[in-house]
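Asker: One letter stands for each residue in the lines below.
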Amino acid sequence: MKKIATLLLALAMVFALAACGAGGGNGGTDDASAAPTEEANGGGAAVTGDVIKIGGIFNVTGDQSSIDAPAQKAFALAVDEINANGGINGRKVEAVFYDGQTDTAVCASDAKKLIDNDGVIAIGGLSDSDYAYAAGAVAQEAGIPIVFSGATTPDIPDVVGNCAFMTAFGDDVCAHAAAEYLYNEMGARTVYVLTDTSMSYTSNLSAYFVERFKELGGEVTLEDHFSSGDYDFSAQIQRYLATGETDAMFMSTGPDDASTVIEQYRSAGATAPMISGDGWDADLWGVAGDLANKDVYVCTHYSTGDTSETVQHFIAAYTEKYGIAPENAFAALGYDCAQILFKAIEACGDDITAENIRTNIEAINGLVCTTGTISYTADNHVPDKTVVVTQSVDGALKFITNI
Amino acid sequence: MTLSYILTILVSGLKLGAIYAIVAIGYSIVYGILRLINFAHGDIMTVGIYIILVLMNRAGLPIYVSILASVAISVFVGLLIERLAYRPLRDATEETTLISSLAVSALLQNILLLCFGAQRQPFMLPGFLTQGHTIGSVNFTNINIITFIITAIFLVALFLLLSKTKIGIAMRACSENMKAARLMGISVNKVVMVAFAIGSGMAVIAGFLLAGEYKTVYPSLGFVPGLKAFCAAVIGGIGSLGGAVAGAFIIGVTEILFAGLMPTSYTAYRDAFVFLLMVVVLLFRPNGLFGSTKGERS
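These protein sequences, in sequence, are chains Z and V. Heads up: the first sequence at position 101 corresponds to 130 in my numbering, and the numbers run straight through without jumps. Heads up: the second sequence at position 130 corresponds to 320 in my numbering, and the numbers run straight through without jumps.
Chain Z extracted, bound-state conformation (with noise of 0.2 Å):
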């Protein structure tokens, strides 16, 4: 009976073995579409039928889903949206989604399958900066452009590479607007800051927002920290009102412990005004309920009270198709995306190469988005947005100023 056991568990293991190296994304097991990989490799991927295939990661499932879901919804519509206006120069666009998984070996592998298996000539998604070095290292090494919708820090195309650019503003730009809002428009003069220190993200736009806020003359009174999934934050909180009040307190959490923050700190009686990066541009209400609609600001991409005709044009499409108004900034962010992409391979003519796309996406000039005006160089693949400054209000995010 025992050694059926063992012998059974040992099957089990191998077989375990076996699905980890499918999922590794080697294309080992996937052999029908593993064929045709030669060519997609080393920059010289080529779009010869009459349909443009481009790939998409995002992770809608994990921590990061409640950004990256609705960046992908937006990333489809706009697909949508081009093949029924007849394409691009004729040519249909098709786009394949893997799920990240909110794991960064996952995003690394689906960046392999998507370039090997799927042979796309481009690749866009990803609305975290972990993930995003994670896939665009993968795409850089096969030469395909990789446009990251949401992910903020700016150093990701020195890092990652030539191939690599970011729809979003910087962390540094969203940081300093925080700054800059506090000092000049809200006249604080001490601050408060909180950092989760599990995430690059959180951890820059802190850096960030201290060098600019000392710059302007400011004072950092207290700096404390946590690491997201931790639960209670009344040792913070109860060294903070110890140390006493300050003018404002920048929170720089991820989007699933906003709301829980908002909370925690509210109710133990800390009423300074929050502002946060577009980390915030999330479901602020779910724990906190009006307590986060007490002077609550958040630095983001963009405002759906903004009556440009390109932004009020995508509100109305996503939310004839998915039933909803998007959820966030990431998704007019992800529709952005696509639109870089479209844009370069328009601009590609007959001769669509992962290469010309690159060099089409560095030459984009005053492209008008959702999430403001985009502009690309050949030194520059962070575009120099504004910066859209909001206050939380009966459970929606008000358009106060840009910066």
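These are calculated hints, taken from the structure and not from any lab test. Note that CB positions come from ideal geometry on N, CA and C, so glycine has one too. Be a bit skeptical, because a hint or two may be false.
As the list claims (entries may be wrong) - Going by beta-carbon spacing under 7 Å, a handful of chain V positions derived as facing chain Z:
| hint | residue |
| --- | --- |
| 1 | Ile199 |
| 2 | Gln309 |
| 3 | Thr406 |
| 4 | Ala458 |
Claimed, not checked - If you want the ones that stay clear, here's a sample from chain V, every Cβ over 12 Å from chain Z, calculated:
| hint | residue |
| --- | --- |
| 5 | Ile357 |
| 6 | Ala370 |
| 7 | Asn379 |
To be verified - Sample of chain V residues facing chain Z (criterion: CB under 10 Å; computed from the structure):
| hint | residue |
| --- | --- |
| 8 | Ser202 |
| 9 | Gln311 |
| 10 | Ser455 |
Keeping the supplied structure of chain Z fixed, place chain V upon it in accordance with the hints.
Answerer: For chain V alone, kept in the frame of chain Z given last:
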């Protein structure tokens, strides 16, 4: 660093300790008898919270009915897990069951992920439970008081069960020596099932208080409190219920004191500190603070 500040964070530590204590009692009833390090305990807790959430918020049942129904369902889940994952390994080494319990933990978390997604869901309690009180600079809510009371009730009830009832005495016998207990005509399977039923039921109550205090639930919520309850049971001493409660309060208070008094650049490492504390305690008292010195079960 005023006295009132120390007092406030001390109370925060006690509040956190009470939550850990209630998890640790349910944990140590299984741990004390089977010597089974049940990493899935925290996840049974999460399952219980989700069942309450569905019954209370989606089906609109009253809170008491939801809790009772969730206890019943979770006890069934606990027994099922015992039957499928632990009973076949009854004669295996402790390490084997430990790994089996990790597998159950991963399984439960992933089932919850499939059913409810990774998004955090708000877990809102009726207003009277979350009503706050203030004495001086100290804040607490009704749910904090209830947590303390239930911890005490559980402790006394289990103490009476273990010392006065036939099944309790059988449990203690199994805890001492399972083979000898079997030879004495004790049905080990029955004893283990009762222990699992009690442990799972208490896990639901603990989960309800945990999610109620922090107002949110997500699939991995119970795992870390489960680990901390394990630490509490180890620090307190294997098989000692009072020790587990004491260990839980020690962990809760030192965790908050660490986060509240250390330089702020270390506050993110409070969990690491708790686990380090366990290692240090074990170095000096291998059987925990209140554990028996008899050592391994024969």
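Asker: So, for every hint listed, does it hold in this structure?
Answerer: Now the hints, each set against the structure:
no.: 1; hint: Ile199; in the structure: 5 Å, holds
no.: 2; hint: Gln309; in the structure: 6 Å, holds
no.: 3; hint: Thr406; in the structure: 5 Å, holds
no.: 4; hint: Ala458; in the structure: 4 Å, holds
no.: 5; hint: Ile357; in the structure: 30 Å, holds
no.: 6; hint: Ala370; in the structure: 24 Å, holds
no.: 7; hint: Asn379; in the structure: 18 Å, holds
no.: 8; hint: Ser202; in the structure: 4 Å, holds
no.: 9; hint: Gln311; in the structure: 7 Å, holds
no.: 10; hint: Ser455; in the structure: 7 Å, holds
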